[in-house]
Amino acid sequence: MGVIATSKYILEMLKIRKRYEVNDVLALNDAEIRVKQGTIHALVGENGAGKTTLMKILCGIEKKDAGEIWLNGDKVDIRNPRHSFSLGIGMVHQHFRLIDDFTVAENVVLGVEITRKFGFISLRDVILAVKRLSKDSGLMIEPSLKVRELSMGQRQKVEILKLLYRGADIIVLDEPTSVLTEQEITDLFNAVRRLKAQGKTIIFISHKLKEVMEISDEITVLRKGKTVQTGKTEELNEKEIAYAMVGEEIPLEIKTSKGLSMPKRAILHVRDLHVKDRRGLVEEVRGISFDVKAGEILGIAGVAGNGQKELVEALFGIRKASSGSVFIDGKDVTSSSIRVHRENGMAYIPDDRIGEGSCPTSSIVENIIADRYYKPVLSNRSWIDISAARRMAGTLVKEYDVRTSSIYSTIGMLSGGNIQKIIIAREFSSNPKVLIICEPTWGLDIRSTKFVYDRLMEMKINRKAILLISSNLDEILDLSDRILVIYEGEIVADFNNTAVLTKAVIGEYMMGLHLKTLRREKSTTL
Amino acid sequence: MKKLEESMRVLITIIIALMIGVLAITLTSKEPGIAIKYFFTGPFSSAYFFGNMLAASIPLMLTGLATSIAFSASAFNLGLEGQVYFGALCGTYVAYELNAVPPIIAIIVVLAVSFAAGGGIAAISGYLKSKWNVDELISSLLVSYTLIYIVDFFLEGPFKDPAAGLAASPYFNKKFVLPKILLPSDLHIGIFIVLAIIILFSIIMKRNKFGYEVRITGKNFRFAKYAGIPVKKVVIMAMFFSGGIAGLAGMIDILGIHGRMIRGYSAGYGWNGIAVALIARNNPLLVIPAAIFFAFLQSGANVSALFSDVTPEVARIIQAAVFYLVTAEGLLFFLKKKRMEKGQT
Amino acid sequence: MISNFIHTTLVMTTPILLAALGGMFTDLSGMLNIGLEGMMLASAFTSIFVANATSSLLIGILAGLCLSTTLAAIMAYFSLSLRANVFVVGLATNLFANGLTVFLGVSLCKSKGTLLFLNAPKLSNIQIPFVKDIPFLGKILSGYNALDYSAIILTIICYLVIFHTPYGYHLRAVGKDPRTAISVGISVYKHRFLAFVLSGLFAGLGGVALSLPLKIFVGGMTNGRGWIALVAVVLGQGNPFGVFIASLIFGASSAFSNMLQALTDISPKLLLTIPFVITLIAMTVYAIRSKKTYE
Ligand SMILES: Nc1ncnc2c1ncn2[C@@H]1O[C@H](COP(=O)(O)OP(=O)(O)OP(=O)(O)O)[C@@H](O)[C@H]1O
Ligand SMILES: [Mg+2]
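Chains A, B and C, in that order, give the protein sequences. For the first sequence, position 133 matches number 133 in this note's numbering, and the numbering has no gaps at all. For the second sequence, position 326 matches number 326 in this note's numbering, and the numbering has no gaps at all. For the third sequence, position 275 matches number 275 in this note's numbering, and the numbering has no gaps at all.
Treat the hints loosely; a few may be bogus.
DSSO-like cross-link-like pairs, simulated, lysine-lysine; straight-line CA separation at most 30 Å [unchecked claim]:
| no. | chain 1 | residue 1 | chain 2 | residue 2 |
| --- | --- | --- | --- | --- |
| 1 | B | LYS160 | C | LYS112 |
| 2 | A | LYS331 | B | LYS232 |
| 3 | B | LYS233 | A | LYS433 |
| 4 | A | LYS146 | C | LYS190 |
| 5 | B | LYS209 | A | LYS320 |
| 6 | C | LYS112 | B | LYS37 |
| 7 | B | LYS209 | A | LYS375 |
Covered by chain B, per the in silico footprint, the following chain A stretches (three or more residues, Cβ under 8 Å) [to be verified]:
| no. | region |
| --- | --- |
| 8 | 330-340 |
| 9 | 373-384 |
None of these hints come from the bench; they were simulated from the model. These figures come from a predicted structure and were not determined experimentally. The beta carbon of each residue, even a glycine, is placed where N, CA and C say it ideally should be.
Chain A extracted, bound-state conformation (with noise of 0.2 Å):
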C-alpha cells in the first residue's frame, strides 16, 4: 500500500520494563507490543504475564521503569491518565471502573464535565451530549439511569461511551467478556467490529481463545513479562498460541464423565426456598426446589445477579432463607450456623476468592486450617496443633500443586490461580458429602482452568453432589449433568445435558424469554 514505515504502527511498545516495589515482581521484561492503525489486536498470556500491567502503563496509571513508547511514529513520555486520554488512548478495565451511585451520563463525562455559570454543572447539556454519542456509535443506552441497575453488558457500554466521549481511538479491552453472557459478548462484537469500521484500534485482552481467533486481526503473546510471539491471526492456530502462552505443550480438551456414573441417592434437598435481600424487602430467591444426587453435577446457568448469590448463600447458612428448607443428606439445616452445614459435609467455593474465599494477609497454614482449627486432628482442649497444622498445609500444597516457596508465605502475594488451588485444596479436603462451587474459572488461565476442572471431575467420581454455578456457558455445558436455568430468582428451566442441548436454547431461558409460557404450563399443572 506504500505506506512508509514509521506510520505503519498506530502504537509501538519497545522493550517495557516494569517492576513492583511493594512485593518486588518483575511483572515486565522487555515486553513488546505493536499495533497497526484500525485494527483489532489481541494481547494473551497466563494469569501473571504483564498483559494488564503493559496496559496500565499505556494508560499512564502505572509508571514504566524502562523502554520506550511511540504513538503515530512519536516517542511519547506518558505521564499520568489523562495525559493518556489526550493523546487518544483509553481503556477499559478488567474491574469496571465506574461510580455505582453516579448516572450513566454522570459517569460518561466524569472528569471532563460541562459547566456554566459561577462553575455550575448542567445536568440536561450533559445529558443530551451522551445521548448524542450513544446514538452515533450505535450503544444504546438510557443516560438517566444510575449504574448500579444496570447488567454488566450495559455497564461495559457505558464504559466505551466513557472513551469515545473522551475521543479515545486506541481502546483497550481488559478481559471484557468474561462477565457477559453469551447474548451479551455477541452485541460486544458487534459494536468492535462497528468502532474498528469507523477507524478506532482496538487491544483486546482475553484468556478465551476461541474469541480470540474469532475477533482479532492479530496476536501478541506475553509469557512471563516478555512478548514471545506476534503475527497475524489467521496464520496461527488456537494450539500453536497456547504453547507460546504456556512454554510447553498442553492438552485443551478437557476429560469430562458426563453421565458416566449412574447417580442415584439425591444428597441434597432443596425445597421451596425463598431468601430475601439483606434489607429485607425485595424477594431474591423466589421458591426454588431442586435436589442432587451423589454422584451429579447440577449446573445452574444464569445471568449473575438473578439470585444465584443469593441462593448460594443460604444453602450454605450465609444468609437466612425466609421460607422453604435445605438438607444435607435428610439433615434439616435449613436455619443453622455455617458450622453446622460444614460439619454436616457440605464445602462451598465462592467466586469471591480474594474477599471471601481467603485471608490474603495470612499465611498459607492459616488458611488451610480456617475450617478446622477446631477439631481434635489440629487441637488439644483449647489449643491448635502447630506442628499438625503444619504437616497438614504441607501435603495439600503438594497434592493440589501449589507454587509457592514456603507455607507461611502470605496468600496475597500468589497468583489468582495458586489461590484458588488452596481454596479447593482446603474445601476438598474436608471430604464433604455436597459441594457447592461458583464461577470455579474467573479469570484463571488455560491452565489453572484445566487443574480445576480435572479435580472437579474428581470429586465427581468420589460421589461428590456438586452444585456449579457459574455464567460461563460453556463450563455449564461441558461439565454438568443436569442443567437449570435461573431468572429473576425463579427456576425456568430444567435441562438433561445431552447432546442436543445448545448454548442458544439455554441463554433464551436465562434472558427470560420463555417465561411466560412456563408460568402458563405450571398453572396448568397445578
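Position chains B and C with the ligands against the provided structure of chain A, taking the given hints into account.
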C-alpha cells in the same frame, strides 16, 4: 526484611519524638541544658525515680495490651479511658465493702469485679458492632465520656469521703494494698501480676483457638464467617477482654499506689495505651518495653520540671509526636528510594 | 420559653455543625478525619488568645483558622504522603492539641484552669431589623452572632458545591471509588488533601464559635463536640442538610441539658451525660434502620 523495616520505623519514631521533646524544652526553658539533662537521666538517677517510672508503666502495659487485643480483631477500642476509670470505681467500692475478708481473697474478688466492669462496658460496643454494625470506635468513646461523668458524680457525691479535701472515695482496708518492692518508690508487686497477664495473652493470641479466631476475624471478617468461625461472638469477646484488661489496669494502680479512688487519677492511661500498642506493633510482648518508654517520657518530664523551669506538659507533646509518627510507613522513604535506584541500574 | 429553647439549640448547634461540615468533606473523600476535636480545641485557644492580644476579632479568627488548618495539613501529609493510619493520625491531633493548649496556657498565661480574656473584642449578636420584633419568631430568627448565621449559609453553599459543581462530583468519585477516579484522571491525593484542609477551616471556625463569644478558654473545652460532630457526619450521609439535621439533634440535647441544669437540682455531672447518651442512641437507631449487616 519486613521485621527489620518495622523496627527501623519504631526506632526513627522514637528518635524524632525525642528530638521534638528536646526542641520544645529548648524553646521554653531558660536553662535548656539542665532541663534536658534531667529529662534524660532523671528517671535513672535514683531508686525512687526509677521505681516510680516502672510503677507508672504498669497501667500502660495493661492498656497497651487491651488495645492490641481489640486491634487484633480489627476493632478500635477508644473507650479505654472510661473502662479504666469505671473498672477502678467498681473495684474500689467492692474493696471498701469487703473490709473483713482475708486480703488474698479480697484482692482476687476486687480484680475480678473490675475486670468484669471494664469488660462489660466494652462488650456493649462489641455487641452493637456485631449486631447492627454500629461503629465501635465512636460508640466506645461516647460510652467512655458518659462513664467518666458518672464516676465523677459518685466521687463527688454518694461515694465521697467527707474527710477528704478532694473528690475521692474513702480508703479501703490497708491490708489490701499491694506490697511495695523498691522503697521509697511506688513500685509494687502488681508489676509481676501484669507481666504474667501479658505472657498469658501473648501465648493465647499465638496458640489458642480463640487467638486464631480473633486474628482471622480481624484480618478478613467475611472469610472468617465463611470458614465457620463464630465471628460475632469473637468480636464481642475481644472487646470484652480488651475492656476487662483496661479495668484491671485501673484497679491494679489503685491497689498498688493510691489505696482509694481519686477523681481523674487515671487521665491519659487509655490514650497512651493506644500509643503503646502501636509502638509495640500489636505484639503483646513488645507492649512491655513500649510502656516503659512511655512512662520514661512522663517521668523524664516530671523530674525535669522538679529541678528546672520546664512544665511537665512537655511530655504530652512528645507523646503526641509518637502518635503521629508511629504508623507512618513513608518514614522509611529514603531506604525505599535507595533500593529503587539499585533496582534500576 | 420554647423560643428560648430553640434559640439556645441553634447556638449550641453552631460549633457542632461547622465541625461536622468540615468532617463531611473528608468523609466524602473517603478518609474520615477523626481529629476534629483537636482542631477545634487548637483554634478555640489560638483565636481567643490572639484576639485578646491584638484586640482584633478578625486577626484572632484568622490565627485560629491558621493553626487548625495547619494541623489538618499535617494530618493529610502524614496519612497521604507518609501513609500513616488516618485514625491514628487523627488521635494524634486530638492529643497534640490537648497537650499544646495546656502547654501554651501554662507557658503564655501561667495558668492551668479557666483562662479569661477580657481584652478580646466582643462578638456581638446581630439583631435583624423588623424580624426581631415579630413575637416568638423574632427570638428564633434573630439575635445570633455572625458565626451562627454563617454556619447556616455555609451549609447551603456546601450543598451547592457538592452536588452541582465538578469539584463536588470529583470529590464524591474519589470517596466512592478512588481507582475509578484515578482512571479518569482525577487526583485522589489532591482531593483528599484539599478535603482535609477544608475540614481544618471548618473545624477551626467551630472552635472559634466556642471560645470567642464567651471570651474564655478552658482546657478540653470542646468536651467531645468534635466526636459528636463525627456522628453527625455519619448520620448526615454526605448531605449537608442531613448533617445539619443531625447536628440540630445534638444541639437540642445540649440545650436540654443546659435547661435542666438551670431549672432542676439534678447533679450537673449526670446532666452532662445527656448529649453523649442521645448521640449514642441516635447512632444506634440509625444503624438499626439502615440494616446493614456487619461485613
Ligand atoms: N498493583 C500491583 N502491585 C504489585 N504487584 C502487582 C500489581 N499488579 C500486578 N502485580 C503483579 O505483576 C504481575 C503481572 O500482573 P498483571 O496483572 O499484569 O498480569 P495479567 O497478565 O493481567 O494477569 P491476569 O490474567 O491474571 O489478569 C503479577 O505477578 C502480579 O502479581
Ligand atoms: Mg489482567
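Tested hints:
no.	hint	result
1	LYS160(B) - LYS112(C)	25 Å, holds
2	LYS331(A) - LYS232(B)	25 Å, holds
3	LYS233(B) - LYS433(A)	28 Å, holds
4	LYS146(A) - LYS190(C)	27 Å, holds
5	LYS209(B) - LYS320(A)	27 Å, holds
6	LYS112(C) - LYS37(B)	26 Å, holds
7	LYS209(B) - LYS375(A)	10 Å, holds
8	330-340	holds (count 3)
9	373-384	holds (count 6)
Every hint, counting from the list given before, is met by this structure.
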